[in-house]
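Student: Residues per chain, in single letters:
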Amino acid sequence: MTLRTREVAWNRGGRLVVDGVTLHPRPGETVGLLGPNGSGKSSLLRLLSGAVRPTRGVVVLDDKALADTSRREAARAIATVTQHADTVVDITVRHVVALGRIPHRGTFGGDRRADAEAVAGALERTGLADKAAESWHRLSGGERQRVHIARALAQEPRELLLDEPTNHLDIRYQLELLRLITELPVTTVVALHDLNLAAMFCDSLLVLKDGRAVAAGTPDEVLTPELIARVYEVDARVGPDDETGRPRVTFSRGARTAATSAG
Amino acid sequence: MSTATLGTEAPGLRFLGTAVGVTALLLVSIGAAITLGPADVSLVNVRDILLNHVAGADIPVRVSKEAIVWHDRLPRALVAAACGAGLGLCGVILQSLLRNPLADPYVLGISSGASTGAVVVAILGVGGTAVGLSAGAFAGAIVSFAVVMLISRLAGGSDDKVILAGIAVTQLFSALTSFVVFAFADSDAARGVLFWLLGSLEGVRWHDAALCGVVVLAGVAFCVFRAHVLDAFAFGDGVASSLGVDVRRARLTFLVVTALLTAVMVSVAGAIGFVGLVLPHAARYLTGPLHVRLIPLTALLGAAFMVWVDAISRVAFAPSPLPIGVGTALIGVPVFIAIMFRRRQAP
Numbered sequence: 199m200t201l202r203t204r205e206v207a208w209n210r211g212g213r214l215v216v217d218g219v220t221l222h223p224r225p226g227e228t229v230g231l232l233g234p235n236g237s238g239k240s241s242l243l244r245l246l247s248g249a250v251r252p253t254r255g256v257v258v259l260d261d262k263a264l265a266d267t268s269r270r271e272a273a274r275a276i277a278t279v280t281q282h283a284d285t286v287v288d289i290t291v292r293h294v295v296a297l298g299r300i301p302h303r304g305t306f307g308g309d310r311r312a313d314a315e316a317v318a319g320a321l322e323r324t325g326l327a328d329k330a331a332e333s334w335h336r337l338s339g340g341e342r343q344r345v346h347i348a349r350a351l352a353q354e355p356r357e358l359l360l361d362e363p364t365n366h367l368d369i370r371y372q373l374e375l376l377r378l379i380t381e382l383p384v385t386t387v388v389a390l391h392d393l394n395l396a397a398m399f400c401d402s403l404l405v406l407k408d409g410r411a412v413a414a415g416t417p418d419e420v421l422t423p424e425l426i427a428r429v430y431e432v433d434a435r436v437g438p439d440d441e442t443g444r445p446r447v448t449f450s451r452g453a454r455t456a457a458t459s460a461g
Numbered sequence: 161m162s163t164a165t166l167g168t169e170a171p172g173l174r175f176l177g178t179a180v181g182v183t184a185l186l187l188v189s190i191g192a193a194i195t196l197g198p199a200d201v202s203l204v205n206v207r208d209i210l211l212n213h214v215a216g217a218d219i220p221v222r223v224s225k226e227a228i229v230w231h232d233r234l235p236r237a238l239v240a241a242a243c244g245a246g247l248g249l250c251g252v253i254l255q256s257l258l259r260n261p262l263a264d265p266y267v268l269g270i271s272s273g274a275s276t277g278a279v280v281v282a283i284l285g286v287g288g289t290a291v292g293l294s295a296g297a298f299a300g301a302i303v304s305f306a307v308v309m310l311i312s313r314l315a316g317g318s319d320d321k322v323i324l325a326g327i328a329v330t331q332l333f334s335a336l337t338s339f340v341v342f343a344f345a346d347s348d349a350a351r352g353v354l355f356w357l358l359g360s361l362e363g364v365r366w367h368d369a370a371l372c373g374v375v376v377l378a379g380v381a382f383c384v385f386r387a388h389v390l391d392a393f394a395f396g397d398g399v400a401s402s403l404g405v406d407v408r409r410a411r412l413t414f415l416v417v418t419a420l421l422t423a424v425m426v427s428v429a430g431a432i433g434f435v436g437l438v439l440p441h442a443a444r445y446l447t448g449p450l451h452v453r454l455i456p457l458t459a460l461l462g463a464a465f466m467v468w469v470d471a472i473s474r475v476a477f478a479p480s481p482l483p484i485g486v487g488t489a490l491i492g493v494p495v496f497i498a499i500m501f502r503r504r505q506a507p
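So the protein lines, in turn, are chains A and B.
Per the numbering used here, residue 199 is the first one in the first sequence, and the count goes up by one each step.
Per the numbering used here, residue 161 is the first one in the second sequence, and the count goes up by one each step.
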């Protein structure tokens, strides 16, 4: 039923930015994509969204290749929040969120009540209800990010793809946002930088390095000192968090020891 | 339509009020413009002549006045209105698709390309029928726009590059038009160049009004119907695609519509500048950025605006008429500069 990839690869201008990645989320779960800059997280998300076609392998939505699905049909199932989507249009928060209703329009317009409810609900969930009439250009970076997420929620998708949505956000909104995402009844694939946030909120993790999947599984299985050393080239200790029991990563401030850098 | 997504009723009523107001302004403008000119015609005369022709009334009006109103000033006012609406519509489309508030068919060189195409057909080629001219203008519009996109893409594809490429292409095709006219046309060459480069509504007739009217109305209807697609481009191609828009197809469709509208208007009235640039901004100021409202309002405002610019350029230096593009440029260039300054200040 859900969105998944099979051995998917993308050759972007002669460079293999995604190289044989298989991702098969369970319906409703939150998958964290980890890996250093340039490891292929954004590229994998672009493949999943159908914005680009894979060079090899296949992205499947509901047992059908995404490449054979119309953009509109795909947009009714998959919502995407990319980084740095900006506009020159003088547009209000409510109008940006209402863009999310476009894929649900029929030939002669949308269902007014469903549209209004979806927009109001999305504004409410992202804490933007009192900013609905505000101009986009007056918002802070963090608020803009929340507006894009509200727009994605108004789309009422089954699959939500987020590319580092916590960038530019205060820690309070980072936590609120990830809590919101994990509580949504949708399958979410989210690229994250912060290993502890990923451990805290994600049901499973996929770690990429140089376009290849190097580890996959629950946070407990994936986040080990060995893996962190191999992928990020830093030393870290990992232990269970007092509150959640999930793994907690503490980075070592010293230079890397010979033992781990050999891995 | 997508106005529903607003979820509030009051702005809808306000839009309706604005639309009715601007429609009334347009009708009054057409009526008033017809009375302006060397021959003395009153609003009562205009009404009587219209009733005679449209409603089959038999009110006695002097034949000379009848001829002036019915065969000259009325079709001319209607062509002006259609061109204003069409140019405004082209501006809305281009500003949305290129995400650039300075975009319009004249700035981007599409009008110049259409001029060159029409001139080549008129002077070198296959007869000068309205349809032939329009076809030539369409080919020219497509070629010039392709050149603009190619140059701006090769130069890095940023928003400002499109405008720079447009300026270069405008100059190129204006020069080509002048060259063809001077090299191959007869003694009236200088006047012909003025027509193609600055626009003029001298001598337009009912068949011109019919051609412009039909094409512009069809264009407005199509774009209102597809208004949500233009909305979807607000945050760029990536977001538009994630909202279910087939970006490549939508772009191609709207650009062909723009080229077609520009071609028809240029073949009838020459290249008229800055209307497409200025009017969308005025309309946005009145009704906001939603295209389902912006498009009809821009069309109505553009129509009323052009009727007045044409009337004034007709009578200002009578009996010699001012090219209509002179008036639109005198108004348009300061607005162009103002928008550039505002963009600079924007975060």
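You may find that some hints are simply not true.
Interface residues of chain A toward chain B, partial, derived using beta-carbon atoms under 7 Å [claimed, not checked]:
| id | residue |
| --- | --- |
| 1 | 253 |
| 2 | 269 |
| 3 | 270 |
| 4 | 273 |
| 5 | 278 |
| 6 | 283 |
| 7 | 285 |
| 8 | 287 |
| 9 | 300 |
| 10 | 301 |
| 11 | 304 |
Below, a sample of chain B positions facing chain A; criterion: calculated Cβ distance under 7 Å [claimed, not checked]:
| id | residue |
| --- | --- |
| 12 | 257 |
| 13 | 259 |
| 14 | 261 |
Hint data in this document are derived by calculation from the structure and do not stem from the laboratory.
Yeah, the Cβ is synthetic: ideal placement off N, Cα and C, and Gly gets one too.
Student: State for each hint whether it applies.
Tutor: Now the hints, each set against the structure:
1. 253: This interface hint is violated because 19 Å lies over the 7 Å limit.
2. 269: Holds - the Cβ of residue 269 (chain A) comes within 7 Å of chain B, reaching about 5 Å at its closest.
3. 270: 4 Å, holds
4. 273: 3 Å, holds
5. 278: 4 Å, holds
6. 283: The hint holds - residue 283 (chain A) has a Cβ within 7 Å of chain B, the shortest such distance being about 4 Å.
7. 285: Hint holds; residue 285 (chain A) Cβ to chain B Cβ min 5 Å, cut 7 Å.
8. 287: 5 Å, holds
9. 300: With Cβ-Cβ at 5 Å, under 7 Å, it holds.
10. 301: 4 Å, holds
11. 304: 11 Å, violated
12. 257: 12 Å, violated
13. 259: Interface hint status for residue 259 (chain B): holds (6 Å vs cutoff 7 Å).
14. 261: 6 Å, holds
In this structure, the earlier hints numbered 1, 11 and 12 are contradicted, and the remaining ones agree with it.
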